[in-house]
Amino acid sequence: MQPVIDIQRLSKQYGQGRKAFTALHDLTLSVHQGEVFGYLGPNGAGKSTTIHILLDIIRPTAGRASIFGRDVSRESVEVHKRVGFMPGELALWRGERASQIIRDFAQLRGNSTPQLRYADELAQRLNLDPSKRIREYSTGNKRKVGLVLALMHKPDLLILDEPTSGLDPLLQHTFNQLMLEAKAEGRTVFLSSHVLSEVQSICDRVGILRGGELQSVENVQGLLANGVRKVVLQVPLEAQAHAAACLEALPNVRDLTNGSATLRFTYVGQMQPLVEQLAHLPVQDLLISEPSLEEVFLAFYGDNEKVN
Amino acid sequence: MAWVIFRQALRHHWRTALAWGVGMGLLNLLTMSFFPNLDALRQFEQLFRALPPALMQTFGLNVNEQFTPDSFLASLLFTRIVLILAVYGVLAGASITANEEEAGIMSVLLAQPVSRTRIFLERVLAHAVLTALVLLLSFSGLMIGSLLIELEVNLARQFEATLGFYPALMMMIVSTALLGVVLRRRWLVLGVAAVFVLVSYFLDTLGSAISEGIMPTLRQFSFLAYNAASDVVARGIQWGDVLLLLAVMVGMVLLALVGWQQRDVGL
Chain Y
144 MQPVIDIQRL SKQYGQGRKA FTALHDLTLS VHQGEVFGYL GPNGAGKSTT IHILLDIIRP
204 TAGRASIFGR DVSRESVEVH KRVGFMPGEL ALWRGERASQ IIRDFAQLRG NSTPQLRYAD
264 ELAQRLNLDP SKRIREYSTG NKRKVGLVLA LMHKPDLLIL DEPTSGLDPL LQHTFNQLML
324 EAKAEGRTVF LSSHVLSEVQ SICDRVGILR GGELQSVENV QGLLANGVRK VVLQVPLEAQ
384 AHAAACLEAL PNVRDLTNGS ATLRFTYVGQ MQPLVEQLAH LPVQDLLISE PSLEEVFLAF
444 YGDNEKVN
Chain D
14 MAWVIFRQAL RHHWRTALAW GVGMGLLNLL TMSFFPNLDA LRQFEQLFRA LPPALMQTFG
74 LNVNEQFTPD SFLASLLFTR IVLILAVYGV LAGASITANE EEAGIMSVLL AQPVSRTRIF
134 LERVLAHAVL TALVLLLSFS GLMIGSLLIE LEVNLARQFE ATLGFYPALM MMIVSTALLG
194 VVLRRRWLVL GVAAVFVLVS YFLDTLGSAI SEGIMPTLRQ FSFLAYNAAS DVVARGIQWG
254 DVLLLLAVMV GMVLLALVGW QQRDVGL
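Protein sequences, first through last, are from chains Y and D. Numbered according to the working numbering, the first sequence spans residues 144 to 451. Numbered according to the working numbering, the second sequence spans residues 14 to 280.
These aren't lab readings, by the way, just hints derived from the structure by calculation. Among the hints, a few may not be true.
As the list claims (entries may be wrong) - Reference excerpt, derived from the structure (chain Y facing chain D, CB under 7 Å, subset only): (1) Gln250; (2) Leu251; (3) Arg252; (4) Leu259; (5) Gly354.
For every residue, glycine included, the Cβ atom is placed at its ideal position computed from N, Cα and C.
Start from the sequences and build out the full structure, keeping to the hints where you can.
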């Protein structure tokens, strides 16, 4: 079956000569129908550049990309009819009412009545009052407007740039529900994020981007089974050397550092062996937290190591 | 599509256009209310005729032609209107792409099913309509003012002179829009456009005041040279000049469209 998004050897370079900067290098990626694909990477990895190329806002230096089999640059208007987009930082006309912008965008797509009906429904679910002017909305409410604009025409493909950043837990839950509904209806979602935990519950696969290069495409279930945690452990100073030796003996402990009475390390995989080992140590305090995406990446692949 | 971008541009800018139009209308009305009677006009003529011809031309008065209420009124109104409405033209031109590109709004708009060409052209068209509104309101002040004075003013000719300014004002809008496509940044666009208008103004003014040397030749490069209100009052609209301005404008629009179509947006 033809992929919904098909990216072949896509590159984007900004500037020329000594000031040249490669934002995206030789990216090849496919996203299939009905899939929720997480496009992950730290800030500056090239996520937004990819999305902007897919939407024909910027043009690639090399390679090609197609959506629904249509070239994203040459047939952008046709492509956009089937795509819903929410940018990372939504900017709209500050003096306009959200309801007016919703009407305008619906009219741009034609057959606006069902879109407006669904936009009303979405606004209710998101607890959004669309009669206000854009300048009157808080950041969170602006993101709700962005969601309504992206979803109201029930697009076959949703492209969302960092959609979960700045959402409160309640809204995050509604957002996840909306994404799962879209998936259940056979629609495709391509969303970027720099926080794995925010998207892991809805994504089928994630692509990890770093320094403009795709490092890996992983099944989320597989990634979670190998869960990565940051651990900070406090033990009495006299027991520190012993504790460090015991922990280093565990095969899943990585990057152990030894501070004043504090041991820090990254733990990968099942927690049971760690818990059993900790039971034998004089633990004074324990903090287990989720690492950043960069740290997950380092734990799996190490620095400068390219996978695939 | 139903001209959504066109209607949106009208909605976004009609208040500004209305304010400019009413403002210009009031300014014209005010000027008319101080307009001299026939005796005073003759005194003005004597005063002006005593000036060097070059200086007289600087005031938009043709030394070789009869000093009529219409020509005097045109000199009072249209030498000033050029610079004042240039501000409107430059601001309007920046709103075609530069303002929204810098604000990040253009990225959202470009992700909708509407072509870049359509966005650009519908906005230029909306500004063409709004600019006509500004000039009509400006003329209405002149019309009302003519009722207040003793002198007989040929309103049809004054209307032609107002209308004659339309291509030049559109030229300012289109050239600023072209600068917006090339330069992207709002303040840079406004700055360069302002310099362009000022240089054009001085080339036109000096070129018409100095009849020898290089200035008359340089004047040909100023778009304002094709928009002399005093000429319109004396001889009617010069359709050759209008067509020339239109041709240059169409060229600028095509150039802007090519650039707008090909380049990255929002960087």
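Checked hints:
With a least beta-carbon distance of about 5 Å to chain D, the hint placing Y/Gln250 at the interface is held under the 7 Å criterion. Hint on Y/Leu251 holds. Least Cβ distance to chain D is approximately 5 Å, under the 7 Å limit. At about 6 Å, the closest approach between the beta carbon of Y/Arg252 and any beta carbon in chain D falls short of 7 Å, and the interface hint on this residue holds. Against a cut-off of 7 Å between C-beta atoms, the interface hint on Y/Leu259 is violated, since the closest Cβ of chain D lies about 14 Å away.
For Y/Gly354, the shortest C-beta to C-beta distance to chain D is roughly 19 Å, which exceeds 7 Å, and the interface hint is violated.
Checked against the numbered hints listed earlier, the structure breaks hints 4, 5; every other hint is satisfied.
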